[in-house]
Amino acid sequence: MQILKYILKRILQTIPLLIIVSLISFFIIRLSPVDPLAELKLNPAISQETLQKETERLGLDKPIYIQYAKWGKSFIKGDLGYCSTGEKVSDKLMERIPNTLLLTSLVIFMTWVVGIPLGILAAVKQNSLTDKVLTVLTSIGMAIPSFFFAILLLIFAVKTGWFPVGGLTSYNFAEMSLLGKIGDLTKHLILPVTVLFTISLAGLQRQMRANLLDVLDSDYVKFARAKGLSEPVVIFKHALRNALNPLITLLGFEFASLLSGAALTEYVFQYPGLGRLILEAVLKSDINLVMASLMIGAIMLILGNLIADILLIITDPRIRGGQ
Amino acid sequence: MKKVLILVFILSLCLVSCIRKDTAEDVTSKNVISQTVETFEFPPVAKTVTIDGVDYLQSQAEIGNFGGELISSTIGEGPKTFNPFNAKDATSDTMASLMYDGLVTSRPDNGEVVPKLAKSFTISPDGKVYTFYLRKGIKWSDGKPITADDVVFTWNKIILAGLGNTSTRDSVMIDGQLPKVEKINDYTVKFTTIKPFAPFLRNLTTPIAPKHVFENAVNKGEQYFDSFLGTTTPPKEFVISGPFKLKEYVAAQRVVYERNPNYYMINNNNEKLPYLNKLVFLIVGDLNNEILKFEAGEIDIISLRGSTVGKYKEKENKADYKIYNLGADTGTMFVAINMSHGKDKNGKFFVEPKKQLWFNDKNFRTAVDWAIDREGIVNNIANGLGKPLFTAESLNSIYLNKELAKGHGKDREKAVLYLRKSGFYQKDGILYDRFGNRVEFDLYTNAGNTEREAIGVMVKQDLEDLGMKVNFKPIEFNSLVNKLVNDPQWDMTIMGLTGSPLEPHGGKNVWYSKGSLHLFNQRVVEMPLFPWEKELDRIIDEASLKIGFNDRKKLYDKYQEIIYDEKPIIYLYSPVRVVAIRKKFGNIYPSELSGVTYNLEEIFIKEGQ
Chain A
1424 MQILKYILKR ILQTIPLLII VSLISFFIIR LSPVDPLAEL KLNPAISQET LQKETERLGL
1484 DKPIYIQYAK WGKSFIKGDL GYCSTGEKVS DKLMERIPNT LLLTSLVIFM TWVVGIPLGI
1544 LAAVKQNSLT DKVLTVLTSI GMAIPSFFFA ILLLIFAVKT GWFPVGGLTS YNFAEMSLLG
1604 KIGDLTKHLI LPVTVLFTIS LAGLQRQMRA NLLDVLDSDY VKFARAKGLS EPVVIFKHAL
1664 RNALNPLITL LGFEFASLLS GAALTEYVFQ YPGLGRLILE AVLKSDINLV MASLMIGAIM
1724 LILGNLIADI LLIITDPRIR GGQ
Chain B
170 MKKVLILVFI LSLCLVSCIR KDTAEDVTSK NVISQTVETF EFPPVAKTVT IDGVDYLQSQ
230 AEIGNFGGEL ISSTIGEGPK TFNPFNAKDA TSDTMASLMY DGLVTSRPDN GEVVPKLAKS
290 FTISPDGKVY TFYLRKGIKW SDGKPITADD VVFTWNKIIL AGLGNTSTRD SVMIDGQLPK
350 VEKINDYTVK FTTIKPFAPF LRNLTTPIAP KHVFENAVNK GEQYFDSFLG TTTPPKEFVI
410 SGPFKLKEYV AAQRVVYERN PNYYMINNNN EKLPYLNKLV FLIVGDLNNE ILKFEAGEID
470 IISLRGSTVG KYKEKENKAD YKIYNLGADT GTMFVAINMS HGKDKNGKFF VEPKKQLWFN
530 DKNFRTAVDW AIDREGIVNN IANGLGKPLF TAESLNSIYL NKELAKGHGK DREKAVLYLR
590 KSGFYQKDGI LYDRFGNRVE FDLYTNAGNT EREAIGVMVK QDLEDLGMKV NFKPIEFNSL
650 VNKLVNDPQW DMTIMGLTGS PLEPHGGKNV WYSKGSLHLF NQRVVEMPLF PWEKELDRII
710 DEASLKIGFN DRKKLYDKYQ EIIYDEKPII YLYSPVRVVA IRKKFGNIYP SELSGVTYNL
770 EEIFIKEGQ
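Chains as they are written, first to last, in the working numbering: chain A, 1424 to 1746; chain B, 170 to 778.
In short, the hints are calculated from the structure, not lab data. Ideal placement from N, C-alpha and C gives every residue a C-beta, glycine not left out. Please note that a few of the clues may not be correct.
Stated by the list, open to error - If you anchor each label on the Cβ, the simulated ranges turn out as follows:
| hint | chain 1 | residue 1 | chain 2 | residue 2 | range |
| --- | --- | --- | --- | --- | --- |
| 1 | A | I1563 | B | Q392 | 54 to 62 Å |
| 2 | B | N655 | A | S1513 | 33 to 41 Å |
| 3 | A | I1451 | B | K583 | 45 to 53 Å |
| 4 | B | F718 | A | E1462 | 26 to 34 Å |
| 5 | B | G466 | A | I1563 | 42 to 50 Å |
| 6 | B | D580 | A | D1514 | 56 to 64 Å |
| 7 | A | I1489 | B | K349 | 38 to 46 Å |
| 8 | A | S1513 | B | T357 | 44 to 52 Å |
| 9 | B | N655 | A | G1626 | 48 to 56 Å |
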């Protein structure tokens, strides 16, 4: 009951937050000098009437606050409106969201499954050879920019011919058997997943290592050891639970990056995800599409934080007591 | 720490060895152009043959093998719609038009209008009535016959009613009046215009829609029509007349077409075309990715740009592709000079009065023309993949004034002479006008377009050689468009536009004095016409009323001459198009006017490939 009340309170708090976010984004986009009709205006074949019609269709003839009010009204109703090209924003997003989710959830899953154990290993065996090798590898992983790494891998793909050059499926995907389809997807996913995995693994492994080292140094761990508990019990039962707390907050941010965290890599690999769509939309000042993606980003971030906080309440008795 | 350093060293060695250098420096693109020009004969124009009461169109090209696929690419975000009447961008237009043939088409070799979906047509002696005879017995992809009802419906209920993209409607409107379209019988349609209007015939290349599919959508009104046959429509709902039918569209990845078994074109063995089973367009985000895909063998055809041409040419003999030079394309790069002497709402001149005197001085503009080194621009910026341009019509236009197109080289002395004629004088390398004002102005272009920015630097140098001071300012594209179209506060601008090689009337928005893109003298406020502007208006009007090619050619020659003499816009160069396509394809007849894949139904894969 306590938790439900807490969740409700948090959700209510997000409403003014979303309004502020939407206001700022809407006005920044509209006040930028980008004119969605610039291309049309420079086309000698377009008549003045057509331009006029387009201006009205996009609502550009109205003052900016009316444009905002109109957008806000339909957003509340759950209608994301139309792109400047006449397609439904929700259709466009739905085409891309599954692809991005496939990529990011795969990466997040792998990162956590591999990163946490590696972090624990490095912390427990601090200053051993294993720890040092891991340190070097993760330093490289953190230092290398994702787009650069992605381009290197693309060149690798072209030179060896082992991997397709970007995309998600081959052109004859529809005719493949189920097994063939899975194989094709895997082939296309290996490179982008490698890039994202390497980079986020490095961060997570370092974080886990540092947290655990911190905890291992604390008094209650010393006490547990002094009590004569076996090392595994000390680490997994006493130290780890406490070391995981900051990572739960991190998990909340990971949730937010599910939809927006891979834009650069997506672009280099021509991955048919949200990143490419939104970049294009921003360049063309396609307001409904940009607003929809920004709002989704904001909601995902807020939701991620909420989930993290709830998880913390469940795992950490100290916070529960404070409620 | 030492260990770490060694590890890093080894890793970086690995990386360096991965990146091999493989470009050929000694093959300049300029040589490539001269090497790739190649002459061949186009196959004769397809003719109509009647078999069992069906009027087929018979291809006269080489007989090929059936089967296989061609994989092409499109740069950007892919099509926005598959409805040919809604397409507003080039990609959507290509993708949709593949599926719907028009009554007529343009010959790839000389641009002449020839029948396609129609069997034949006649034009009345007064040039106002066009009678089209349709093919009997040909079918839509769902088996229903293609008849006059479809043509009349398409024109009256979609195009002339103003649904979707209105550009065809705009361009067939004569003095505010639309043409009349009537059905004579099931296989005859009559178009009547109020005046003879030359550009009309070519507008009949517009696709024809199946009435039984579109009628419902048309009745539901404009808003419904705007989303009709969009990218979310299941492919099986398409009923088409063209050679290839949509099979699959995967957002941001690809568009796949399959062969239309009901297509009305046959080969000399009377077998139904097209040869290819499938046609695929991969949607790629940018040029670099497209090149990678071509190198990895994922696509079969690519437009080559700049320095890559040399590299590809060198490898051509050993490679599985062939390079074709398609000649100059319709793109024109130019410097526009703002001749406006209008004032804004606050009574402030758009162009400073002293600058107005320079820009309105023909000698000044001519001096600028002679001072610019076009050859240098083509060699340095376009990697030799361009041709100097001197005319308002592009170099591949069938109306090109060939005499003017020869142009002239750079001649600084001549430029100085022209300046002196108008009282400009140089002191210590600085140019002053006859009132002692230093000649200094701004030169704009859109930032981010590296080609135009580089041209700007070269033009600035050439003009500063004459003692002018040029402030070169690349600004954001949208702001520049706003300046050009709505708020003419600029001095000179480097811009590019594309036109049509077949129909000069399309350029009227630029050259008509009231045109919406009359850049050099944009009439945002009322301004008196220059005599030559009046003359241009007259020529544009007159040329549109003449039907015969030779009559029109004379007028358009004159129009190019006036622009060449007055030089409100100084043309610089046109890029040259170079295309590489895999050698395995047969019936490839690249054309300056139509490109490489205009005859998709005839293209086939050669034996044993």
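Consistency of the hints with the structure:
1. Against the hinted window of 54 to 62 Å, the Cβ-Cβ separation of I1563 of chain A and Q392 of chain B comes to about 55 Å, which satisfies the hint.
2. One distance hint, 33 to 41 Å for the beta-carbon pair N655 of chain B and S1513 of chain A, holds here, with the actual separation near 34 Å.
3. Checking the proposed 45 to 53 Å range against I1451 of chain A and K583 of chain B shows it holds: the Cβ atoms sit about 52 Å from each other.
4. Look at F718 of chain B against E1462 of chain A: about 32 Å separates their beta carbons, and that is inside 26 to 34 Å.
5. Separation of G466 of chain B from I1563 of chain A is about 32 Å and departs from the stated range, judged on CB atoms against 42 to 50 Å.
6. For D580 of chain B paired with D1514 of chain A, a C-beta distance near 59 Å keeps the hint of 56 to 64 Å intact.
7. Between I1489 of chain A and K349 of chain B the beta carbon distance is about 42 Å. The supplied range of 38 to 46 Å therefore holds.
8. For S1513 of chain A and T357 of chain B, the Cβ-Cβ distance of about 46 Å falls inside the hinted range of 44 to 52 Å, so the restraint holds.
9. At roughly 49 Å, the beta-carbon separation of N655 of chain B and G1626 of chain A lies within the given 48 to 56 Å, and the hint holds.
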